[in-house]
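Visitor: Listed here are the chains, written in short residue letters.
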Amino acid sequence: MKVLSIDTSNYVLGIGLLDGETVLGEYISNIKKNHSVRVMPAIQTLMEECNIKPGDLSKIVVAEGPGSYTGVRIGVTVAKTMAWTLKIPLSGVSSLEVAAASSGRYFDGYVSPFFDARRGQIYTGLYKFENQKLQIVKDDQLVMSADWVKTLNEMDSRILFTSNDLKLHEDVIKEELGDKAVLAAVTEQNPRPAELALLGRDKEAVDLHTFVPNYIRLAEAEANWLKAQETKK
Amino acid sequence: MTKDQLIMGIETSCDETAIAIVKNGREILANVVASQIESHKRFGGVVPEIASRHHVEQITLVLEEALAQANVDVKDLDAIAVTEGPGLVGALLIGVNAAKALAFANGIPLIGVHHIAGHIYANRLVTEMNFPLLSLVVSGGHTELVYMKEHGHFEVIGETRDDAAGEAYDKVARTLHLPYPGGPHIDRLAHEGKATIDLPRAWLEDGSYDFSFSGLKSAVINVVHNAQQRGEEIVPEELAASFQESVIDVLVTKTQRAVKEYGVKQVLLAGGVAANKGLREKLSTDFADSDVEIVIPPLSLCTDNAAMIAAAGSILYEKGQRADLTLNGNPGLEITIHNESRK
Ligand SMILES: [Zn+2]
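Taken in order, these protein sequences are the chains called V and W. One point on numbering: in the UniProt record's numbering, the residue at position 182 of the first sequence is 182, and numbering is uninterrupted. One point on numbering: in the UniProt record's numbering, the residue at position 288 of the second sequence is 288, and numbering is uninterrupted.
Honestly, I wouldn't trust all of these hints.
[Said to hold, decoys possible] Cross-link-like lysine-lysine pairs, in silico, DSS-like; alpha carbons within 30 angstroms at most: (1) W/K149 to W/K319; (2) W/K41 to V/K53; (3) V/K87 to W/K23; (4) W/K265 to V/K232; (5) V/K227 to W/K41; (6) W/K194 to W/K171; (7) W/K41 to V/K233; (8) W/K3 to V/K87; (9) W/K171 to V/K232; (10) W/K277 to W/K75; (11) W/K41 to W/K265; (12) V/K174 to V/K32; (13) V/K150 to V/K138; (14) V/K53 to W/K75; (15) V/K138 to V/K227; (16) W/K260 to W/K282; (17) V/K2 to V/K53; (18) W/K149 to W/K260; (19) W/K265 to W/K149; (20) V/K133 to V/K150; (21) V/K174 to V/K138; (22) W/K319 to W/K23; (23) W/K282 to V/K87; (24) W/K282 to W/K194; (25) W/K75 to V/K227; (26) V/K2 to W/K282; (27) W/K23 to W/K149; (28) V/K180 to V/K150; (29) V/K53 to W/K171; (30) V/K174 to V/K227; (31) W/K171 to W/K277.
[Stated by the list, open to error] Derived, one-sided and incomplete: chain W residues facing chain V with beta-carbon distance under 8 angstroms: (32) R53; (33) K100; (34) A101; (35) T196.
[As the list claims (entries may be wrong)] Covered stretches of chain W (chain V as the covering partner; in silico rule of three or more C-beta atoms under 8 angstroms from a C-beta of chain V): (36) 18-31; (37) 58-71.
Derived by calculation from the structure, the hints in this document are not laboratory data. Glycine residues also receive a C-beta, built at the ideal position from the N, C-alpha and C atoms.
Construct the complete structure from the given sequences, taking the supplied hints into account.
Guide: Dropping the structure here:
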């Protein structure tokens, strides 16, 4: 079973190839460069290096968000189109779940991966490894980091924070949680495409045509329109 | 017997998710358009983020329908042609990345197409092109006169310096409280009224083929405003007719002048505003006695579609133009990129 994984949901561009229980290869970069230009060449290069042809693939897994709206759409579009034309199943995995799996596998406690969402907000969720399996404790959400850490202070064990945006929220985290908070090392902050492939391999396939990114948020115009409809009533 | 050439076109530059399959550059085997207009009507215009979201929802459905209609397998395609720009960047990216994924997964050549080259080539789905020719491109985002000496070679001899004709239509429609999109409503009202209101025509400097519609738009708003202050009724039919007459007068007069100067054999109407009845009629009657052939595509090929992208892609494919997997959506793409050989 050969699985291709694609993550373009944030600054990290991640491509992974899994063959059965072997991680054949990974491509990861963490730079502010255009995913639209780079994602297909990255897939092509990795597949050629690993001697895998498109027809050899048996599943595609994509990071479904949250993250940059445009970024996540690029990965989802590529994944949907490839899975459709190759007639193979597609699974979507939360981008936060991938981040949690990438640094929290041997951590005894909760894992809070997050992506900065500007103006003090973060996309985050709460996860925990139990018997080597990643469990979700609190759903992915958009929240002020200051409010999030207050909620986490009520938890009963230590919390591992992992993010490429740790610096931006480090003070807020430390101030509220002190030693209860553990910060992931820089080498563990990039979501790993091999973890994405592994998580998605065992997930049920989605309905390909109706599959869309998990934006968490409505488009601004849509939200305003709904609000206007409400006040009309 | 030579093998038939099959090109897939993909177009997602604005609010239409469109995929088509065209045989030998001229015969439409499938032309599927999933319009989002009902969704954007709520906002009185296209919202880019919402357009992008709809494209992701539609892309594989439209792909499947196009191939089923054409009864063609992806493997049979000679190339995939996709709108590279101009347009809404987030929307373009969906078509471009779907096209790249398809091209890679199936080992099929990829071609990037300029949206306006597509609009012009919609005409080749109606009749063969006869060079040199002139194309009048009028749409929501464009008003251009494009000269072509041969296939795949584009020279913009005039373009709008401010609003596109389509934008002016939408703004005037809003002033008259007509629903979005306003163009067809203005066109309809114009046919029910007489052009009684004196409105300006922007000819610009002598010999220029450029256009300008912002002055006209402001004049219309002034007429409505002044009437309101004097407590007078504006007859919408008369205002629409007067506005439309001014737009068409400038478009057709400049086209006629360019036809003479460049000695063209054909005039091709292109773009969404080419659906305008007033413009079609005026062009047809004014050129009725000339040797110049006027080509006006059916409405379904004037508005955004992917058959036109496939038709342009067919010629670019023959010219050897290819894109690689770094192809990107480019909102500011120039049509002249096709004049250089891109391999
Ligand atoms: Zn158009």
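Visitor: Could you run down the list of hints and mark each one as holding or not?
Guide: The hints, checked one at a time:
Between W/K149 and W/K319 the CA atoms are separated by roughly 15 angstroms; this keeps the pair inside 30 angstroms, and the hint holds. For the given pair, W/K41 sits about 44 angstroms from V/K53 by alpha-carbon distance, which is inconsistent with the 30 angstroms threshold. This hinted pair checks out: V/K87 and W/K23 have alpha carbons roughly 25 angstroms apart, not beyond 30 angstroms. For a cut-off of 30 angstroms, the pair hint linking W/K265 to V/K232 is broken: about 57 angstroms separates their Cα positions.
At roughly 16 angstroms between alpha-carbon atoms, V/K227 and W/K41 fall within 30 angstroms of each other, so this suggested pair holds. Restraint check for W/K194 and W/K171: satisfied, since their Cα atoms lie roughly 20 angstroms apart, inside the 30 angstroms limit. For the given pair, W/K41 sits about 20 angstroms from V/K233 by alpha-carbon distance, which is consistent with the 30 angstroms threshold. A threshold of 30 angstroms between alpha carbons decides the hint, and for W/K3 with V/K87 the separation of about 27 angstroms falls inside it, so the pair holds.
About 26 angstroms separates the Cα atoms of W/K171 and V/K232, which keeps this hinted pair within 30 angstroms; it holds. For the hint linking W/K277 to W/K75, the alpha-carbon distance of about 41 angstroms lies beyond 30 angstroms, and the restraint is violated. For the proposed pair W/K41 and W/K265, the alpha carbon gap of about 40 angstroms is over 30 angstroms, so the pair is violated. Proximity of V/K174 to V/K32 is assessed by CA-CA distance (about 27 angstroms); at most 30 angstroms being required, the pair is judged to hold.
About 14 angstroms separates the Cα atoms of V/K150 and V/K138, which keeps this hinted pair within 30 angstroms; it holds. For the given pair, V/K53 sits about 15 angstroms from W/K75 by alpha-carbon distance, which is consistent with the 30 angstroms threshold. With a CA separation close to 27 angstroms, the supplied pair V/K138 and V/K227 stays within the 30 angstroms bound. The hinted pair formed by W/K260 and W/K282 meets the criterion: a straight-line CA distance of about 17 angstroms does not exceed 30 angstroms.
Annotation: proposed proximity of V/K2 to V/K53 holds, straight-line Cα distance about 10 angstroms (limit 30 angstroms). This hinted pair checks out: W/K149 and W/K260 have alpha carbons roughly 15 angstroms apart, not beyond 30 angstroms. Between W/K265 and W/K149 the alpha-carbon distance is near 10 angstroms, which keeps this suggested pair within the 30 angstroms criterion. At most 30 angstroms may separate the alpha-carbon atoms for a hinted pair to count; V/K133 and V/K150 meet this at roughly 26 angstroms.
Taking the CA atoms of V/K174 and V/K138, the gap is about 21 angstroms. The hint holds against a cut of 30 angstroms. Restraint check: the Cα-Cα separation between W/K319 and W/K23 comes to about 17 angstroms, which is no more than 30 angstroms; the hinted pair holds. Of the supplied pair hints, the one linking W/K282 and V/K87 is violated, its CA atoms being roughly 51 angstroms apart against a limit of 30 angstroms. With a CA separation close to 15 angstroms, the supplied pair W/K282 and W/K194 stays within the 30 angstroms bound.
Restraint check for W/K75 and V/K227: not satisfied, since their Cα atoms lie roughly 47 angstroms apart, outside the 30 angstroms limit. Proximity of V/K2 to W/K282 is assessed by CA-CA distance (about 62 angstroms); at most 30 angstroms being required, the pair is judged violated. With a CA separation close to 24 angstroms, the supplied pair W/K23 and W/K149 stays within the 30 angstroms bound. Among the hinted pairs, V/K180 with V/K150 is consistent with the structure: their alpha-carbon atoms are about 12 angstroms apart, no more than 30 angstroms.
As the CA atoms of V/K53 and W/K171 are separated by approximately 52 angstroms, the hinted pair breaks the 30 angstroms bound. For the hint pairing V/K174 with V/K227, the CA-to-CA distance comes to about 37 angstroms; that exceeds 30 angstroms, so the pair is violated. Taking the CA atoms of W/K171 and W/K277, the gap is near 19 angstroms; set against the 30 angstroms cutoff, the hint holds. A distance limit of 8 angstroms between C-beta atoms decides the matter here; for W/R53 the minimum to chain V is near 6 angstroms, and the interface restraint holds.
Below 8 angstroms, beta-carbon pairs count as interface contacts, and W/K100 has one with chain V at about 5 angstroms; its hint therefore holds. Because the smallest distance between the Cβ of W/A101 and any Cβ of chain V comes to about 4 angstroms, under 8 angstroms, the interface hint for this residue holds. Hint status for W/T196 relative to chain V: violated, with the closest Cβ pair at about 38 angstroms, above 8 angstroms. Residues of the stretch 18-31 of chain W lying with their CB closer than 8 angstroms to a CB of chain V number 0, which falls below the three-residue condition for coverage.
For the stretch 58-71 of chain W, the proposed coverage by chain V is satisfied: 5 residues have a C-beta within less than 8 angstroms of a C-beta in that chain, meeting the threshold of three.
Violation of the numbered hints given earlier is confined to hints 2, 4, 10, 11, 23, 25, 26, 29, 30, 35 and 36; the remaining hints are satisfied by the structure.
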